[in-house]
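In case you want the letters, here they are:
2 protein chains.
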Amino acid sequence: MTQPLFERLTVIGLGLIGSSLARRAMQDGSIAREVVAYDASPTVRTRVAELGIVHRVADTGQEAVQDADCVVLCVPVGAMAPSAAAIIPYMRTGAILTDVGSTKQSVIREIQPFLRPDLHFVPAHPIAGTEYSGPDAGFSTLFEGRWTLITPIEGGDPEPVAKVAALWQLCGAMTREMDAAHHDRALAIVSHLPHLLAFTICGTADDLEGESRNEVLQFAASGFRDFTRIAASDPTMWRDVFLNNREALLEMLARFTEDAQAMARAIRWGDEEFIVDRIERGRRIRRSLIEIKQA
Amino acid sequence: MTQPLFERLTVIGLGLIGSSLARRAMQDGSIAREVVAYDASPTVRTRVAELGIVHRVADTGQEAVQDADCVVLCVPVGAMAPSAAAIIPYMRTGAILTDVGSTKQSVIREIQPFLRPDLHFVPAHPIAGTEYSGPDAGFSTLFEGRWTLITPIEGGDPEPVAKVAALWQLCGAMTREMDAAHHDRALAIVSHLPHLLAFTICGTADDLEGESRNEVLQFAASGFRDFTRIAASDPTMWRDVFLNNREALLEMLARFTEDAQAMARAIRWGDEEFIVDRIERGRRIRRSLIEIKQA
Chain A
2 MTQPLFERLT VIGLGLIGSS LARRAMQDGS IAREVVAYDA SPTVRTRVAE LGIVHRVADT
62 GQEAVQDADC VVLCVPVGAM APSAAAIIPY MRTGAILTDV GSTKQSVIRE IQPFLRPDLH
122 FVPAHPIAGT EYSGPDAGFS TLFEGRWTLI TPIEGGDPEP VAKVAALWQL CGAMTREMDA
182 AHHDRALAIV SHLPHLLAFT ICGTADDLEG ESRNEVLQFA ASGFRDFTRI AASDPTMWRD
242 VFLNNREALL EMLARFTEDA QAMARAIRWG DEEFIVDRIE RGRRIRRSLI EIKQA
Chain B
2 MTQPLFERLT VIGLGLIGSS LARRAMQDGS IAREVVAYDA SPTVRTRVAE LGIVHRVADT
62 GQEAVQDADC VVLCVPVGAM APSAAAIIPY MRTGAILTDV GSTKQSVIRE IQPFLRPDLH
122 FVPAHPIAGT EYSGPDAGFS TLFEGRWTLI TPIEGGDPEP VAKVAALWQL CGAMTREMDA
182 AHHDRALAIV SHLPHLLAFT ICGTADDLEG ESRNEVLQFA ASGFRDFTRI AASDPTMWRD
242 VFLNNREALL EMLARFTEDA QAMARAIRWG DEEFIVDRIE RGRRIRRSLI EIKQA
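These protein sequence lines are chains A and B, in that order.
Under the numbering used here, the first residue of the first sequence is numbered 2, with each subsequent residue one higher.
Under the numbering used here, the first residue of the second sequence is numbered 2, with each subsequent residue one higher.
Chain A on its own, in the form it takes in the complex (with noise of 0.2 angstroms):
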């Protein structure tokens, strides 16, 4: 067998993306030789224990980290800056530090000032999830075809950066780096602003009286439930993706508002042809989708 990826790699935080990325490296050894959990909550850790997803689970994020060559920290964006802040004193010399935070900004701006020297930092991005949460949701081919966003900060290595992509592209995703306030602004558009609009939408047909609201679950399937599914995902963690990315997730909500009002508009006054070409591209866009494979 080949050498792996690290000696020893520390995922903090086991939910979704966590214990998906620990199911993966416990397949074969060409990413860790050991792998070692940490979750600030004792059920999460209790949990992934007796699932076995890992070789072993710490029972702090000090001893998590003892030895590790890298670290990845797997928890909402908001949780981001305390977790780093308690583990880096106890990081070894040379060690990456990683994280798969939907903002990119935010992540860095709060983690930098407890940094070290002598340690890596490289945020990162799986662009991967599904609408379920917690160490049971998560499963090893999660990432696979799917894209990492790597954000590299000012000034830093590149080797260590080269390693994180190798990372995710054993466990089967693409990898491309790109400046952080690039990647929120395109995340802002493609996941921020319709997680928004699911929640809203979900919130705005629970405010109808009584037998509308129940008629809204009863014929769902005409257009409604495709945008509950990702009305489903983990409160917590899509509150602070909200607050991370506020200034780029409200500019593209007040584009969209404009293209919506400009829509309400048409119907109001009866513009087809308005009507028909924002229509038409909607099924342009669906079409390159198909033919990229990313329907």
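One or more hints might be untrue.
Each pair may be met inside one copy or between any two copies, as identical chains are not told apart.
Below, simulated SDA-like cross-link-like pairs (lysine to any residue); rule was C-alpha separation at most 25 angstroms, straight line [stated by the list, open to error]:
1. K294 / A265
2. K164 / Q219
3. K294 / P236
4. K164 / E35
5. K294 / E132
6. K294 / D137
7. K294 / R230
8. K164 / K294
9. K164 / E145
10. K294 / P90
11. K164 / E273
12. K294 / D68
13. K164 / G95
14. K294 / E210
15. K294 / T131
16. K294 / L209
17. K294 / E51
18. K294 / E274
19. K294 / Y133
20. K164 / E281
21. K164 / I293
If you are wondering where the hints come from, they were derived from the structure by calculation, not from laboratory data.
Following the hints, complete the assembly by docking chain B onto the known chain A.
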């Protein structure tokens, strides 16, 4: 074998819905002894004949409805009135005229002037569909386990209403009667608004500058693609739906926009409680859908 529900069933408009109904009716003799089709498009007529999904394709609407005891209008909502006007004079006394339009008040309002006292008009709406359209897209099981809503006109006979309900039940649908205005309001939130939002977000994404636009496609797995499936639907059908249910749709869009603005405000000011409450609603609604097996 038992007696078929109808002697001759005529389907006008062989798109996704019409061709699915025809296919189902041809499967056994329970719905009709003879299935006749007519479509305004010669290309569709030729294709339907090739597909062999009806007993006979008529060259004119007049010929198609002759001696039919049930005629089903499966054309876009905006084409209902001219289609009805063209065939009503040739329908046989006592026959049933029904439709599958997604908006009911407008269809009733527009067909009523052409009705004859010796015919029975029963407005209906099978809530089923896919993102595909045209005679090749149909399949006989499309209506199974789905609702068909029937919105009887005032002063109509109960017997033809029962027969139309039986027609859709034979297709595997569950049926319910309701008032046309109530129907239009319910569909505005469960179907028309989700489609409007889906078309709109595709447009918003399409307006982004070069690089960002490509990224929307590449990273679509993170939420965006869930919105694009329904955005691939037929433009003529949806243009007509939007224009023919404008009051209810604009009201639902206004409510939705208020809710989206409230969410934007909560994000801007960091109102965590409000954000989590909205997300929790989404999860609850998703769970309810799973419980009633409509997810």
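Hints and how they fare:
In this assembly of identical chains, K294 and A265 lie within 25 angstroms of each other by CA distance neither inside one copy nor across copies; the values are 32 angstroms within and 33 angstroms between. In this assembly of identical chains, the alpha carbons of K164 and Q219 lie at most 25 angstroms apart only when taken from different copies (23 angstroms versus 50 angstroms within one copy). In this assembly of identical chains, the alpha carbons of K294 and P236 lie at most 25 angstroms apart only when taken from different copies (23 angstroms versus 29 angstroms within one copy). Taking CA atoms no more than 25 angstroms apart as the test, K164 paired with E35 passes inside one copy only; the shortest distance there is 16 angstroms, against 69 angstroms between copies.
Taking identical chains as interchangeable, the C-alpha atoms of K294 and E132 lie at most 25 angstroms apart whether they share a chain (21 angstroms) or sit on different chains (17 angstroms). For the identical chains of this complex, K294 and D137 are inter-copy neighbours only, at 23 angstroms across copies versus 28 angstroms inside a copy, given an alpha-carbon limit of 25 angstroms. With identical chains, the CA atoms of K294 and R230 are at most 25 angstroms apart both within one copy (20 angstroms) and between copies (13 angstroms). In this assembly of identical chains, K164 and K294 lie within 25 angstroms of each other by CA distance neither inside one copy nor across copies; the values are 27 angstroms within and 45 angstroms between.
Taking identical chains as interchangeable, the C-alpha atoms of K164 and E145 lie at most 25 angstroms apart only when both belong to the same chain, with a minimum of 18 angstroms there against 52 angstroms between chains. When the C-alpha separation of K294 and P90 is checked against a cutoff of 25 angstroms, the pair qualifies neither within a copy, at 44 angstroms, nor between copies, at 50 angstroms. For the homomeric pair K164 and E273, neither the shortest alpha-carbon distance inside one copy (54 angstroms) nor that between copies (36 angstroms) is at most 25 angstroms. For the identical chains of this complex, K294 and D68 are neighbours neither inside a copy (41 angstroms) nor across copies (49 angstroms), given an alpha-carbon limit of 25 angstroms.
Taking the closest pair of Cα atoms, K164 and G95 come within 25 angstroms of each other only inside a single copy of the chain (13 angstroms); across copies the shortest separation is 78 angstroms, beyond that limit. For the homomeric pair K294 and E210, the shortest alpha-carbon distance between copies (22 angstroms) is at most 25 angstroms, but the shortest distance inside one copy (41 angstroms) is not. Both within a single protomer and between protomers do K294 and T131 lie at most 25 angstroms apart by alpha-carbon distance, with minima of 18 angstroms and 19 angstroms respectively. In the homo-oligomer, the alpha carbons of K294 and L209 lie at most 25 angstroms apart only across protomers (21 angstroms), although the nearest pairing inside one protomer, at 38 angstroms, exceeds that limit.
Taking identical chains as interchangeable, the C-alpha atoms of K294 and E51 are never at most 25 angstroms apart, the minima being 37 angstroms within one chain and 32 angstroms between chains. Taking identical chains as interchangeable, the C-alpha atoms of K294 and E274 are never at most 25 angstroms apart, the minima being 30 angstroms within one chain and 38 angstroms between chains. Proximity of K294 to Y133 under the C-alpha cut-off of 25 angstroms is found in both arrangements, the shortest distances being 23 angstroms within a copy and 18 angstroms between copies. In this assembly of identical chains, the alpha carbons of K164 and E281 never lie at most 25 angstroms apart, being 43 angstroms within a copy and 38 angstroms across copies at closest.
For the homomeric pair K164 and I293, neither the shortest alpha-carbon distance inside one copy (27 angstroms) nor that between copies (47 angstroms) is at most 25 angstroms.
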